[in-house]
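The chain contents come next:
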Amino acid sequence: MKKTNNMVAPWLLLLPATVLLAAFTHIPAVMTFINSFYRTPRGNRPARFVGLDQYSNMLSDPVFMAALKNNAIYALGTVPAAIALSMLMAVIVNSAIRGRALLRMSFFLPTVLPMIAVANIWLFFYTPGYGLIDQFLGLFGFHERNWLGDPDTVLGSLMVLAIWKEAGFFMIFYLAALQQISPTLSEAAALEGASRWYFFRRVTFPLLMPTTLFVMINAIINSFRLIDHVIVMTRGGPDNASTLLLYYVYNVAFRFWDAAYASALTVVLLAALALLAFVQFGVLDRKVHYK
Amino acid sequence: MSAMTLSHHTREASFWRVLEIGACYLLGLLWILPLFYAVWMAVHPPAYEVRFELFAPVTLQNFVDAWNAAPFARYFLNTFALITTILVCQFVVCTLAAYAFARYEFRGKTVVFMLVLIQLMIMPEVLMVENYRTISKLGLVDTVVAMGLPYMASAFGIFLLRQTFLTVPKELDDAARVEGAGPLAVLLKVYVPLARPIYVAYGLVSVSYHWNNLLWPLVITNSVTTRPLTVGLQVFASPDQGVQWSVISAATLMTSAPLLIGFLLFQRQFVQSFMRAGIK
Amino acid sequence: APVEISFYYPVAIGGPVASIVEDLIARFEAQYPDIKVKPVYSGTYPETISKALTAYRAGQPPEVAVMLSTDMYTLIDEDAIVAFDDFVKTDEDKAWLDGFFPVFMVNSEHDGKTWGVPFQRGTTLFFWNKDAFSEVGLDPEKGPQNWEEVVEFATKLTKREADGNVSRWGMQVPSSLTSYWLLQGYVAQNDGKIADETGAQTYFDSPEVVESLQYWVDLAYKHKVMKPGVIEWATNPKDFFEGRAAMITTTSGNLTNIKTNAPFPFGVQILPEHKKRGAPTSGGNAYIFNGVSQDKQEAAFQFVKWLSSPEQAAEWSIKTGYIAAREDAWATDAMKAYVAEFPGALVPHEQIPYMVPELSTHENQRISRVIDDAIEASLTARKEPGQALSDAQKEADRILEDYRD
Amino acid sequence: MSGIEIASLNKSWATFNAVQDVSFTVEAGTLTVLLGPSGCGKSTTLRLIAGLESASSGAIRIGGRDVTNEPPARRDLAMVFQSYALFPHLSVAENIVFGLKVRKVPAAERSRRLQRAVDILGLSHLLDRKPSQLSGGQQQRVALGRAIVAEAPVCLMDEPLSNLDAQLRHEMRKEIRSIQKSLGMTMVYVTHDQIEAMSLADQVILMRNGRIEQKATPAELYLRPATAFAARFIGTPPMNLVELADGPDGAVVKGANGPALVEGEGSGLLLGLRPEEIRIESTGIMSAIVQSIDYHGADSILECLVGDQLLQVRVDGVRRYAVGDSVGLDWKSEAMHVFDKETSERVERKALVSASGAGEALALRAVK
Amino acid sequence: MSGIEIASLNKSWATFNAVQDVSFTVEAGTLTVLLGPSGCGKSTTLRLIAGLESASSGAIRIGGRDVTNEPPARRDLAMVFQSYALFPHLSVAENIVFGLKVRKVPAAERSRRLQRAVDILGLSHLLDRKPSQLSGGQQQRVALGRAIVAEAPVCLMDEPLSNLDAQLRHEMRKEIRSIQKSLGMTMVYVTHDQIEAMSLADQVILMRNGRIEQKATPAELYLRPATAFAARFIGTPPMNLVELADGPDGAVVKGANGPALVEGEGSGLLLGLRPEEIRIESTGIMSAIVQSIDYHGADSILECLVGDQLLQVRVDGVRRYAVGDSVGLDWKSEAMHVFDKETSERVERKALVSASGAGEALALRAVK
Ligand SMILES: Nc1ncnc2c1ncn2[C@@H]1O[C@H](COP(=O)(O)OP(=O)(O)OP(=O)(O)O)[C@@H](O)[C@H]1O
Ligand SMILES: Nc1ncnc2c1ncn2[C@@H]1O[C@H](COP(=O)(O)OP(=O)(O)OP(=O)(O)O)[C@@H](O)[C@H]1O
Ligand SMILES: O=P(O)(O)OC[C@H](O)CO
Ligand SMILES: [Mg+2]
Ligand SMILES: [Mg+2]
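Residue numbers (our numbering), protein chains in the order written: chain Z, 833 to 1123; chain D, 2 to 281; chain U, 21 to 425; chain P, 118 to 485; chain R, 118 to 485.
In short, the hints are calculated from the structure, not lab data.
Nothing false has been slipped in among the hints.
For lysine to aspartate or glutamate, the following DMTMM-like pairs were computed, each having C-alpha atoms within a straight-line distance of at most 25 Å:
1) K901(Z) to E404(U)
2) K371(R) to E382(R)
3) K332(P) to D411(R)
4) K316(U) to D143(D)
5) K295(U) to E217(U)
6) K247(R) to E172(D)
Based on the sequences and whatever the hints tell you, model everything.
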């Protein structure tokens, strides 16, 4: 009798979440998936089953390929930087440094601001010549640069903004995790003469692993998911140099109104992300929970 | 590091230490700079957007212009209603689910968890048409609930809370269960209080996300009486005739003000909640 | 009971658009007591179409929406809108429909039917900084009249510092968003055509188009009078105010903005000519949606007709800066008074005879993305204009193939 | 009433069998002590009873009801954890009444019980502190308080007094026993302290490597240890075990030319003698040489060489002996325990000697 | 060498003075035990020495160097925490050599020390386990291991053996003492176990409510407790304290018509007699009635009524006494301690009686 109980309880707990998720994520997602095997219906033209056509189209779609490449660079650039910075910030803010309340605030505030507005303000920072960044670099004798108008710098510029916006967000989770580490551990280590760096490397860092796993998965997903700044600042340009996958999906779905192709793209995006996340999760989750 | 170990270091004030602290402050300054800049732009006439003059005339005109561009007062109210609804539901739904994942072993757990994680990766916009259909079948178009429903089972929240619950010492769970606490009581009396900092953090994140969310609310609502702030903010986001940075800055500050002020005011509580929940 | 209709409108300009719309509606409702209009502000142009189509697909479309004129084919292909012809019954209706400038109707008609009605339309204009002109010895009251003069003036106006940094560019044409729109101006002046009226054929790789783009690219790379790379639409006017760009082209919607914010006297004129004068139209039409009941559509028609009647069109134009799309609107007293007060407002009107319709095809957004990419690739020196444009044409052919009979 | 019956309980982790084939019964209203060396499986057994670990096999019955698969909350028991398991976010008072609140005990009753418990535990002035502001012993007392107020029919305690000083420990022990008796609680108590075991228990279960070594009353455990291990485990210093050898008249201490001590052959046997049951007399059963003296406050331990084997002898206070002194060792015949060297099992043999001294140190044993 | 000097140390939290005006010296290479009831400030004192808390006032010198404001790492000491402080993500072996790695001790040396420590501690088979897979006692031994391998000149131990059974505890104690001596470590050791204190310490510091009650050698503490508190704190069961009253020839036990015990007036004084120093003889100094008998394995505690006051008497084994028996109590004159009832301070008074029994139970005291 108790066995069944044990089986029922978790499902009851999961019920509200699963119902909502099914209704607003999974069922629509499955529909999306099914759509990807059809051609987009258009008014007078009904949907037609086209099998894997949409997927093979992708291979010859230069924009998709560019987006794929850009997104890979974007993820590789933003994720480690955001993780490292947020961890650093958390450690700073968790230490007894004077004015840490102010520091915490300055790290965290970018998170609170709406991305659309922030992107607009940053658009201005990147303005060639008199934008904040050129003004600042001008002090050191740098020439003005067309940051967002040059395919070589545009992606990097977006990445800087993304890191600025995200690091403080992840910092909060590291901060919370740091607070959970028993102070006697740092005491024991201090007694042993461990430097702060050593303690960080050998104790704090491993104990933060569950958080890092969490942050990493989220950072990766965000690197594929947050595109507000692309919409506002570059619209993927110039010449698709800053097109990210989801932005492309967004365009296909809401500007080109090609739902089927968008579905196919979404499926590929999801598959890639799922693979990434599950690999990380499968490999790391077991390892990071030492308790 | 405990507070005192560091205080010893401070006393020493070695060269490296000073350098280190300096670097910390520099990082902090760098981070806040864009915001300072936004404030500068917001309180000066547009002509001073790029010219830093200490005695540049200060004006609130930008705020007035921003305020008049849309029925912001009503939008604020709507946003508050939206945030509250979403937050409460998210806390409940996510807590229950996270608890199931963290402390129960049951068949299909991994699969269900992966299914939840999937939501992390799906941009809600992609599912907008389907969701619109669902909402309109439920007869909820143009309501606050409709804006919130797709977000109430937040995979992010479930994932986050699960991670946190996993770090709660097992012995506390044991103790509570021996004391006669059933699963729900254990959850409410042990896990939730111990995860308080995470709730605060998640709350902040969720609030700022939904405070800033635009497309879905724009699509699913039609009337001034339901629409959130961001829809108002959108008035400035159209670049056809060039962006007015002073006004955008003012509008950004104005719409984010409750968040900013809230954060400043509750900064102490916010931090204390971290401190207090710490396991000794 | 009165018929209720909802009206989606975007806001693409500054100013209290929402209250202007509400004003209009209040007056309309006073005149037509059996129709109630619910105004719904629906974000930017792209957001408006997203919202409207999402609602349409879910079975709850608005009755009327203002969307880009260039989205007409998309809307038709989606079967989302109905033609006006069925509602035009009386002579008065006919007169009303015939009253629009023909150039604005090109993007509103297809297959002999009228699918949209010009509501908030614009064009591109040419602005210059009079102080900068004086500084380099040019006549501040006279802008360049043709392509060669533009290069000549711009070369004089471009100011290089000792360290090679350019502190002022002679000419600036924005290229970050709908850059095809600006290209279209050059093409029209070059006596070319970027697409035909069927919405299924483009001429991206025609010599006229290639020359036009080459001229544009040369401004940056050959004559070195324009900032290389893509120029942000949003910062272009700001560059102008800051004295960083002495001459710019931008939308007519910027008239008021420049008038209030330029800290120096400026000149405004229609675009310089090459083989001839030329400029594209732009902006939004009012559309009536499919999938709603007949009487609502009728009411919607009444509303649209009223909205675009001379008095309202004039009022809308005066309050927002859009071009009134019918000659009779320019003849109203209100309009006359306004033009007398602000002569700059007349410049767009001057340009109407030379205007060409904005690029509008089936799968419009996809096609415009293709041509935009080609322009951006050329402006960032990644591709030669000829190469870029022929690639674009191939891609466009592939996309439009399905729509040709 | 709620007796506990454990039948062939086993618990193994991936690599390790922590509890093996453990069976015992705790009569309702009695107190059983689990005793044994560190890591022998005491805590694990307790956690199995509480339902905090699930048994690999075997059955647990409480009050006649099979609870092997019941969750802890359904077993109606209280527990003190070895590591305290205090809720860091709750004050002392809140920690103590945690279970009462869970069980919806009315506020008045709650505060009554709280009051009584903190009086007993001497925590009254600390009610508002958080666990992190308490000393180790205070934390342990809070943990104890939680179990006391529960007044559950079954109470499990895992080393509840290990961090308290002798006096407090003594008081607490008395309180626990009196509460247990007055409420008729069934209690299983883990301790590493023999005195505690001896003075508290109705039954002692001695464990070793996950198995039960001996189940007995305290007196029995002391007086008739079933194995050499049990013999040495109880008593400080532990029982002396000396090897026997065959002698002409019976078994003699190996390597010493003393008298025959027990009947029969001696080789392969061990003779057990508790240090406190050996007395030093001028004329004893055997003679020995003092090798070292260890002072312990109330008494001292002499290490004496008999033949080639060392014997520890406990004497009161600090005597006048010096290292190198030759002394006589004397003991009652009942003080002798014989074990098989191989199996370590107790062997019953007839004693051949009896105390020769004048003192009446070891009087006839009477179990109280 | 690294002796420790503590001068007028104070530590207060917002609401509470945990350590008040504590001064003592630990000679280099000796072992000092901090003893005292739960919550008296032992751990706090230790943490102050380690530098884990900063002193509110006072000074700490180690090896002659003022370290009051030095960080812990600069104090060159090892510590065993009352709550173990094991790193949950590291294995037993990694936990133990953590500090050695920090200090960059070469791998060979590291594994040598590790090997020795785990042999001593009996942890060899657990090297790869994580702390969460260990029993309480095993965790404690790992914590101990960390301090042992450090071989630091100063070592602080906070109840390092509280979760071990008597035998292991006894062995560990011997090992700790031998390591401490062989390495010439200066050690401060907190325990609540008097036997441990008595058998380990070169010096015992008895604390109470944050203050030092007595500093002395173990023997001195036992033989000449400075206060009534010290007297009762050492010894189990604790010293009997009976009230004295004025008698015709000197002070007598209040309420009993016995002989005069000490010179002078008796009112306002307390007489201390340790249970183990009272012997039951047919003819004793005073007569008493047995009230209760408590069996404790190796010995029993009789509670005897003298006048209206209860005295505890420790006797070996289980005697033939029964509740209600009338017995004679006897003791040596040195066994009597007199305290002022008011101040609780020791008072020196000449004894008027001496043991009348035949036994030589309390021989002349010789401090070893
Ligand atoms: N953070 C704190 N805030 C307030 N009081 C505290 C704090 N930490 C400890 N105390 C108090 O200080 C006193 C001394 O604590 P300490 O840990 O030194 O005791 P202890 O002698 O080690 O006791 P035990 O033997 O029980 O471990 C205790 O009464 C305790 O309640
Ligand atoms: N999770 C685990 N995985 C593997 N072995 C474990 C685990 N938990 C405990 N053990 C082992 O099981 C044995 C029994 O542990 P238990 O805690 O019951 O000992 P104990 O008798 O309470 O000891 P102590 O007196 O030291 O607390 C120990 O040897 C321990 O190392
Ligand atoms: O600024 P508008 O409203 O004239 O519109 C801009 C053009 O339509 C861009 O294609
Ligand atoms: Mg245990
Ligand atoms: Mg302590």
